[in-house]
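Start from chain A and add chain B according to the hints.
This is what each chain is made of:
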Amino acid sequence: MADSFQKDDADKDASSPLDAFSDRLDRVRADHDPEEKSEGGGAAWGNALRLSTELIAGLFVGILLGYGLDRWLGTSPWLLLAGIGIGFAAGLRNISRSMK
Amino acid sequence: MYSLRAADPMEQFEIVPIVNLSLGSIDISLTNSALWMVIGTGAIILFFFAATRRTALIPGRTQSLAEVLYEFVSNLLRDTVGSEGRKFFPYVFTLFLWILVANFFGLIPSLPGLPHELHTFTTTSHLAVTLALAMLTITIVIIYGFWKNGLGFLKLFAPSGVPPLMYILLVPIELVSFLSRPLSLAIRLFANMFAGHIILKLFAGFVGSLLAAGGALTLIGIVPFLGAIAVTALEFLVAALQAYVFAVLTCIYLNDAVHAADH
Chain A
18 MADSFQKDDA DKDASSPLDA FSDRLDRVRA DHDPEEKSEG GGAAWGNALR LSTELIAGLF
78 VGILLGYGLD RWLGTSPWLL LAGIGIGFAA GLRNISRSMK
Chain B
3 MYSLRAADPM EQFEIVPIVN LSLGSIDISL TNSALWMVIG TGAIILFFFA ATRRTALIPG
63 RTQSLAEVLY EFVSNLLRDT VGSEGRKFFP YVFTLFLWIL VANFFGLIPS LPGLPHELHT
123 FTTTSHLAVT LALAMLTITI VIIYGFWKNG LGFLKLFAPS GVPPLMYILL VPIELVSFLS
183 RPLSLAIRLF ANMFAGHIIL KLFAGFVGSL LAAGGALTLI GIVPFLGAIA VTALEFLVAA
243 LQAYVFAVLT CIYLNDAVHA ADH
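Which chain is which? The protein sequence lines are A and B, in order. Per my numbering, the first sequence starts with residue 18, numbered consecutively. Per my numbering, the second sequence starts with residue 3, numbered consecutively.
Isolated chain A, as found in the complex (with noise of 0.2 Å):
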């Protein structure tokens, strides 16, 4: 099996086997760069799904740290209002890390 794929490159490279297998060797890692990177359907809908969460969790944890915090401190209800406050902001901020 193998010895017969041999034979076709180098009969279609018409060059020393050795070549051939340099030529299929880049071929290979040109598909292994790096820098290419696949920017398929797939990726755009899972960016797009992604961007839906962020806000929310940003927001909800804000919440709950500030809400928690004024439970333990008793400076009710100012930690919760600056909790929505930086929620939001750290939201935001999930959503403009996902998006770069």
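Because the hints were derived from the structure by calculation, they are not lab data. What you were told as hints is all true, and nothing was included just to trick you.
Partial chain B-side listing against chain A, Cβ under 8 Å, derived:
no.	residue
1	P174
2	I175
3	V178
4	S179
5	L181
6	S182
7	L185
8	S186
9	I189
10	R190
11	V247
Even glycine gets a Cβ: it sits at the ideal position worked out from N, Cα and C.
Below, chain B without anything else, positioned relative to chain A:
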């Protein structure tokens, strides 16, 4: 005739114990959720056992599939984390496969007539499961981040190049943003699977009710039927996509842990 109970779209998410077990006062019963986790994990192990049993230079079908999966995750890690990401390969690969298989197995239709305990169950449609996976990821990020960078890991919360006064505002924002990551990771997977399965069940339920209504309504039943087919196809896309998204985000967060001090 199908019972009306089967049309309840929430029934598929109910957790039912199959074998009752307890450890002291802790309930560790084997539930339908646990059963499908075991089935999924077992299927992955069996598949890779079969794929690597006889490895050939020119791979057969199972070996090809295993190699494609391996290269897919391997490339993903190299693109997002770099060469240092190699050591996280087992974790990301396991995570990706486990979620992928759990999502796909949840789409297998239940055999009619089986007791509720043995209906197909989507483990990833429960927030407890997805949140546990997300917490595991973020725990690895935090531990590895501190182990690798020491206190330099904290630079993650203090972006460079801003006036010092801004840190009063920026550090809390970055901190909340970091803490919200596991949550958004978990909610995304859970919500996608949960919503998809409800829509699927609703469409299928409409078909049954319209068929039972008789007359002209029976003919209209074709509409939700086509809808159910379309949603099934979409769900396969979502199942693969969400496993991919979870793996990508895990890689991005791991990248932060590896390169925190470079910020």
